[in-house]
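Participant: Quick note, the sequences are listed as chains A and B, same order.
Numbering follows our numbering, with no gaps: position 273 of the first sequence is 273.
Every number in our numbering is 1000 more than the matching position in the second sequence, counting from 1.
You may find that some hints are simply not true.
Said to hold, decoys possible - Result set (DSS-like, lysine-lysine): computed pairs, CA atoms no more than 30 Å apart in a straight line:
#1 A/K265 x B/K1313
#2 A/K21 x A/K110
#3 A/K276 x B/K1021
#4 A/K110 x A/K387
#5 A/K265 x A/K276
#6 A/K419 x A/K387
#7 A/K249 x A/K265
#8 A/K265 x B/K1198
#9 A/K276 x B/K1198
#10 A/K233 x A/K210
#11 A/K276 x A/K210
#12 A/K151 x A/K444
As the list claims (entries may be wrong) - Here are the simulated distance ranges between beta carbons:
#13 A/R205 x B/E1199: 29 to 39 Å
#14 B/E1199 x A/P275: 13 to 23 Å
#15 B/D1126 x A/G237: 58 to 68 Å
Everything labelled a hint here was simulated from the structure, so no lab data went into it.
Cβ atoms here follow ideal geometry from the backbone N, Cα and C, with glycine treated the same way.
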Amino acid sequence: MSEAKAAPDCSADSQQDAQRKAALLEELRSAIGQTTGAPLPARDAVNQAMIRHWSDAMTDFNPCYIDPDFAAKSIHGEVVAPPAMLNAWTMAGLHPPASLQGRGVDTYAKLDAAGYTSVVATNSEHDYVRYLKLGETLHHSTKLTEVSEEKATALGTGHFVTTVTEYTNDAGEVVGAMTFRILKFRPGTGRMAASAESAAPAKPRPIRPKPGISRDTGFFWDGIAQGELRIQKCDCGALHHPPMVRCPKCGTYDLGWIVASGRGKVYSHVEPVHPKIPSFDYPLIVGLIELEEGTRLLSNVIDIEDEFVEIGMDVELAIQECNGVELPVFRPARPARREDTLHFEDVAVGDRMAPCPIPITPTLIVSTAIASRDYQDVHHDRDLAIKRGSPDIFMNILTSSGLSSRYATDWAGPEAVLKNLRIRLGVPNYPYDTMTMYGEVADKGAVTNGRGPVTLKIRGTNRMGHHLTGSIDLELPSNAA
Amino acid sequence: MTMEFAGKTAIAGIGATEFSKNSERSTLRLAIECAEAAIRDAGLEPNQIDGMVNFTVEDNPEIEVARNLGIKQLTHFSRIHHSGGAACGTIHQAAMAVHSGACNYCLVFRAFNERSETRFGIGVQDRPATANSADVDFGWSSPFGLLTPASWVAMFARRYMHEYGATSEDFGRVAVADRKHAATNPEAFFYERPITLKEHQESRWIVKPLHLLDCCQESDGGQAFVVTTLERAKDLAQPPAVIASAAMGSGEDQQMMKSYYRDEITGIPEMGIVAQQLWRDTGLCADDIQTAVIYDHFTPLVLPQLEEFGFCKPGEGKDFVKDGNIELGGRLPINPNGGQLGEAYIHGMNGIAEGVRQVRGTSVNQVPDAENVLVTAGTAVPTSALILNRGNA
Ligand SMILES: [Zn+2]
């Protein structure tokens, strides 16, 4: 039995490391159940200016938030704050006064000290008792509820920390609650950081087939280079595509062009599956687009999954580089915001919400972060974001919630009332990607007091995968009322 | 106006190589082998051939074919453009040539190693981006990944499904009929290998909404014909397959595989132009056709062809193909040889040979009393078709 004296399972160093980790976890968990003390007031009362910033940044133009006349006649009776702003009101801000400092959950500070300096929010679950009104001051107190074991994630090695925050008004009335989970991790320890480094000397990819361009069609591609879609137009009024040298309607050789609005509808569409050509990214959707001017154009339909593409679907032009070639492509138009409100009886379980692509611009990421009073540098400072192991700035979780809320009420109408909003984040939303929101009616409850509960299942998907998955419970007016 | 050659010319000989996935010989060898077989079938000697018609996309020059066959003089040679759309057009051209006296015995052929050498199915992504008219034309589709014949046809198919409520299963019935017929044709690649509609539905996607089993084969092989005047044909070895009429057609705003800019894209106007000529010249109508070889590179475009020829009304192709109507024993058995899905893809030329066999009464899947046989050529391109019968005699 001499083998029994073989080398120990781990070295003295790693044994020490394990002991240190256990001690840290024990210390962190000793705070579970503790709160931050007496409810802390928000810096500002609920106010129209912050709501307007939010509304602009999220492009959520629900009139209940911004139009006093509409709001007065609505179910709310006056202007209300977007429900997803719940935790924006109590954010500390960029330079919080001393009275608001050092009162947060100190678990985060302890993790910072132990080297888990990076942070990413992973879950946000809002419960809305009622919508907030102008002039109310929100108070919040937060309780630590869970600290996970150290886990190796794609972002890095770290701990998930869960807190529950209760929101009350001046009178102590509970108006909402939030369960929030973040990952505190060591920068540079995850697969994503590693792949970002190793991917640096990327293999040159073959570019897409370039268009053949003649003297007769150059105007079209010159237009694309200048960011506009040109359609050949004759003085007799005829539009031609593909371009011609002589108008067959009137006989002239002197043909001009107009700039298309970029709006159109899908006339037909296919998804090439086999063979896969190396210069293309799949899945790939090729659409025959009928422009509103009347001519058709072959193109790609982007930022949507094939099974959601429909003939007749509204699409909008995006001129962009596609695997090395500048091309006019189309993405589904943002579904129009519903002006009246759906009734409970109008919807059925299984109904699909029209997909909504949201182009992720740096402006969107930065403006929404600031509108939600989130000054974490990773949401506005590219250099610092890269230093923390991220390839770029990325969208904050309040915005993911805000856009989910927008998607729900744009679909259901301004007087749909959210009861809760629960999302879980997956891959980040980086600039120059597009997140497309998909949703469907997952459940319906029983009508009480003229309102019926409906559960939506939603997801937001970008080119890397699911950015968010979640659910929203909302109430719709009933015909029975 | 009628075509003067109609009813006065005939296909006097047919010849083919075996159909395979790898012929293991040159396309020139395939061309010579099938040409000689057709000439011998007619009871002629190679040096009696004095005319030649083939496809513009044919790789084998007529002079090289003539040299190998020992043909001493050619007095007519010409080519027909637009890939598979040329198939019946070559017979049309040969009929005009022999009727006019430009030549007496006209050889028509198509030979390629389309599976083992130059595959059409892999796409046109390597075309250059020049100012040449064809490259400019591809420039409206290739940069977006619409690169293969299947994808070009799928765009029509999706719109057809949308407008008429046709389903993938309706397209599948064409494949099932083809494979059923191939299963009893020893020359067919898919001899003894029929499929079910379920297998069609479960076959993998090529280009949604097209499954693998909506697509024709890629094949190696060659097919040839001898065309001459009916008068001369009567003295040859085989009963003449009379060209009751043959016609070509190209429609308004016609494009190559991608006529996507017309008001409607669910019909095939160029095939309608062909159909009108055939009915006009022969005095026949759809009811007079006992069997037809309907060009089937991809199943969806079989349905609108049936509509253009008046076998059913626009949009009713999906109903016409139901209940075994297009299978042997049905109202209009199509592609008794197994078509290009079941027998082989020889650019529509093997379908013309089946038309000849049906008229001769020698097909392995003979349709009883096949008096008038319709054969069509490639769709989504300028196209052609013909009607064969035994003539007035
Ligand atoms: Zn004009």
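Participant: Work down the list of hints and note, for each, if the structure agrees.
Facilitator: Cross-check of the supplied hints:
1. Only pairs whose Cα atoms come within 30 Å are accepted, and A/K265 paired with B/K1313 is accepted, the gap being roughly 28 Å.
2. A distance of roughly 12 Å separates the Cα atoms of A/K21 and A/K110; the hinted pair therefore holds under the 30 Å criterion.
3. For the suggested pair A/K276 and B/K1021, the alpha carbons sit about 22 Å apart, so the restraint of at most 30 Å is met.
4. A distance of roughly 21 Å separates the Cα atoms of A/K110 and A/K387; the hinted pair therefore holds under the 30 Å criterion.
5. With a CA separation close to 27 Å, the supplied pair A/K265 and A/K276 stays within the 30 Å bound.
6. With a C-alpha separation of about 39 Å, the suggested pair A/K419 and A/K387 falls outside the 30 Å cut-off, and the hint is violated.
7. Proximity of A/K249 to A/K265 is assessed by CA-CA distance (about 26 Å); at most 30 Å being required, the pair is judged to hold.
8. A hinted pair counts as satisfied when its Cα atoms are at most 30 Å apart, and A/K265 with B/K1198 does not qualify at roughly 34 Å.
9. Our distance criterion of 30 Å between C-alpha atoms is met by A/K276 and B/K1198, whose separation comes to about 26 Å.
10. At most 30 Å may separate the alpha-carbon atoms for a hinted pair to count; A/K233 and A/K210 meet this at roughly 24 Å.
11. Distance check on the hinted pair: A/K276 and A/K210 sit about 17 Å apart at the alpha-carbon level, within 30 Å; holds.
12. The hinted pair formed by A/K151 and A/K444 fails the criterion: a straight-line CA distance of about 37 Å is larger than 30 Å.
13. The hinted range of 29 to 39 Å is satisfied by A/R205 and B/E1199, whose Cβ atoms lie roughly 37 Å apart.
14. For B/E1199 and A/P275, the Cβ-Cβ distance of about 22 Å falls inside the hinted range of 13 to 23 Å, so the restraint holds.
15. At about 40 Å, the CB distance of B/D1126 to A/G237 disagrees with the hint of 58 to 68 Å.
Against the hints set out earlier in the document, violations occur for numbers 6, 8, 12 and 15.
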